[in-house]
Amino acid sequence: MSLLTVNRLKKVYTTRFSQNQVLALSDVNFSIEKGEYVAIMGESGSGKTTLLNILAALDKPTSGTVLLNGKDITKINEKEICAFRRNHLGFVFQDFNLLDTFSNMDNIFLPLVLSKKKYPEMKLKLEPIARQLGIESILKKYPYEISGGQKQRVAVARALITHPDLILADEPTGALDSKSTEELLRLFSKINENNQTILMVTHSIKAASHAQRVLFIKDGVVFHQIYRGDKSMDEMYQNISDTLTVLATGGARNE
Amino acid sequence: MSKAFYFRLALDNLKKNSKMYIPFILSCILTIMMYYMVSSLSMNPNMMEIVGGDTMQQILSFGLYVIAFFAIIFLFYTNSFLIKRRKREFGLFNILGMEKKHLSIVIALESMIVFLVSMVLGIGIGILLDKAFYLLIAKMLNASIALGFYISYQSIVNSIILFFIIFLLMYIFSLIQINLANPVELLHGSQQGEKEPKTKWLLALIGLICLGSGYYMSISIQDAVTAFAFFMIAVLLVIIGTYMLFTSGSIVVLKLLRKNKRYYYKTNHFISVSNMIYRMKQNAVGLGNICILSTMVLVMLSTTISLWVGMNDIIETRFPRDLTVSINCVDPNEALNTIDNMDYAIEQAGIQTDDELVYRTLSVSTINKGNTYTFGNENASLQDISNVVVLYFITLDDYNMTEGTNVHLDSNEVLVFPAGKQFEDKMIDIASNTFKVKGVLDSIKADSNYSANLQNSMFIVVDSMDTLLMIDNLQKQAYGDNASYIHTSYDFNLNKSEEMSIKEAMDALIANYPGDTTYMIVDTKEENYENLLSLYASFLFIGIFLSFLFIMATVLIMYYKQITEGYEDKKRFEIMQKVGLDKREVKKTINSQVLTVFFLPLVVAAIHIVFAFPMIEKMLRLLYLDNTNLYIMTTVICFGVFALVYVLIYFLTSKVYYGIVHNAM
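As you go down the protein sequences, you meet chains A and B in turn. Following this note's numbering, the numbering of the first sequence begins with 2 at its first residue and continues without gaps. Following this note's numbering, the numbering of the second sequence begins with 1239 at its first residue and continues without gaps.
Mixed in with the good hints, there may be bad ones.
[Unchecked claim] DMTMM-like mimics (lysine to aspartate or glutamate), calculated; alpha carbons at most 20 angstroms apart, straight line:
(1) Lys76(A) - Asp1820(B)
(2) Lys1808(B) - Asp96(A)
(3) Lys117(A) - Glu1823(B)
(4) Lys80(A) - Glu1823(B)
(5) Lys1763(B) - Glu1742(B)
(6) Lys118(A) - Asp1820(B)
(7) Lys1826(B) - Glu79(A)
(8) Lys1816(B) - Glu172(A)
(9) Lys118(A) - Glu1742(B)
(10) Lys1493(B) - Asp101(A)
[Stated by the list, open to error] Facing chain B, from chain A, some residues (calculated, C-beta under 10 angstroms):
(11) Ala57
(12) Lys61
(13) Arg159
[As the list claims (entries may be wrong)] Distance windows between CB atoms, simulated:
(14) Leu59(A) - Gly1362(B): 44 to 54 angstroms
(15) Asn88(A) - Ile1471(B): 54 to 64 angstroms
(16) Leu24(A) - Lys1826(B): 51 to 61 angstroms
(17) Gly1897(B) - Ser64(A): 31 to 41 angstroms
Just so you know, the hints here were simulated from the structure itself, not pulled from any lab data. From the three backbone atoms N, C-alpha and C, an ideal C-beta is built for every residue, glycine too.
Based on the provided sequences and hints, a complete structural model is requested.
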């Protein structure tokens, strides 16, 4: 069974003061296996963010189902949804979303504290992750004292510490310089090698070329997908780039 | 760019920032209104015709300075807050191509609009309410009411000048703020200061010491005179202590909590403690202000109301009888005749008297150690001041006469009235003369004119005038020029059937007195009542005005605090929700934090008042208010009402806060 199955997902936005309806997602179907590393690409307005919000249980679809481990997350009620999100999903955001009021360590602990874990247990969980991400030396510092690349690694640590089923990354390299981007992507690959499932939404061809599979969204549907297979990183890059060109020039659906 | 454009831009800016400007304009209007009213009342010629009106006008014109002083502080505080919040907006204008020159024109126009609106409304409402307050004063002073409407042009001019200067200064201050910053800084202006505050142990410690010593002063000072002298120092210490504890102490405590891993890593504590550290950094001064202002309001209201309500008591305590004649005799032998002289004068003046209280006393300051009372010498050190006891000597004859008793004393025996203190000595030694204590009295009528409350004092009944003169002699030797004189007190009521007015009786008495009238003082209850009435009415009036001003400042500070925090917390809670904190928990933590931050000042103010109580009580005694229960009751009621207002303010302003934060949820 797939880890994540998205079935006939549809989302229509209705603005409050007008009758205008905006179709953000019309019919999205795909599934992700455990241990996969998937990137979703698409232009602005293609529905990427809407899709991610629904996968993150931050938004409800108009119709359709999202099954995570066989459980439909669109049906989970309001009370349990936060706990569900904490325990099963990990988030990495473009703008890091670290709290300046917490030290980096406390930022990483945040989801665990919310789940009422004990301090010694949290400490035990933190050690291997901090070592893997190379952030041991900055744990005592505060988010405003470290660089963007470091911030993103702290955010990744926060996403990993609950050992989530799925990591959702929203433009994780968007605010980083090229060196930090490179580092982060290598990190994602490494994490993925440890059997961590990752779903990343991105604009960046470079970021997407690290993934095992790339989904292209256009006009609210999954328009196309490319599998990495045994392609090299460069071939993958070229492939994605070509696809995007076709998409941009309005090519027909590629079967 | 045309002038109309600037004007429209200025108007637009005010509209856009109405959330911040409306409260500002309202407080400007209220301040101007109050200033105008107090100024106008202090100049109103009708007031001169009211008995006691002149006293009130003097106090009002003094109060005017106090109001002006606080007006400047509050308006400046508010303005600097507004400018800080708007820096980003100015930065944007700057980047879009407006030079600082243009910005300064826009800000000048904004200030002008605010100034004109507040001035017109402030003075307008002031003129309307002026009459109401005049009527209120007339009522308080039991005066008949003059008709007509009084507008003080002088007050209008004064208000315009004062507030024009304040606005001008605020404008200059804003320009300096903007000119100092470059556009990028302006853009980030409202986002500065997110660094974690440093722990300042030393300041927290100093704050604790200041607060502690202020409290200790209030508790430990025993007599009213010292209380008066040290009151300002204690107040200052407590103010400094409050600010330091709010700024440094709170952070020290919070960081200690954070160090305690088992406490800190609990869902509620985790978020609250870390957020509070930042909140306190930004709000400590504001909270300190609120706390100090609240304390001031409460102290001012409770004391002035107590004085006003307790005025009749005060008069009764101080002047139990219509007329109080006191005669100091430089020549001690004259004291033998004072009573006869008075009787003669009363008879000659043809006054019918009732309920006379006649006695002679000699008061001597002594230094008390154990059961010895020594007359002062040059070696008396400062330490001895707390051991000073004033002894009032009275002869047995006078005692028996006033009390209607028939006690007998031997020449070495005395009766002692310890004025409310413990007294168990069998023998006492006064200036090396040993007396046997024959009895300890529970009360003494001769006490009524002395405020035994002021200093440590004691009444000693001696067997005869000879003994009194002997003691007088000793104290003259010890004190020389500073010695006191034998004092005759002759108090009486006018007989009900007496047709003479008190004033006439007083004049006739002095005219007919056969002895030396140089040191004769005649006080009447009536005259003192009027004086006290106008004095306490003025106190109450100023107390209410200032309380109003302070409450307004409190509201304003709270309101702006809520807005600022709302915008900052909004982002914080958005992030927390994304990480997986559910809405109920978010609300719970918000509530607990907002409540703590809000009610901390009120709680601290309550503690301040409890500790201020002993000192204020003693000072009120100096003003002859010894009705402690009345003061306690007034304070409790004032606190209750104030707390109610505070809660109300909290609900109103927190609505704004939740409105802002809620958008995130």
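When the structure is checked against the list of hints, which entries are broken? Sort them ascending. 9, 12, 16
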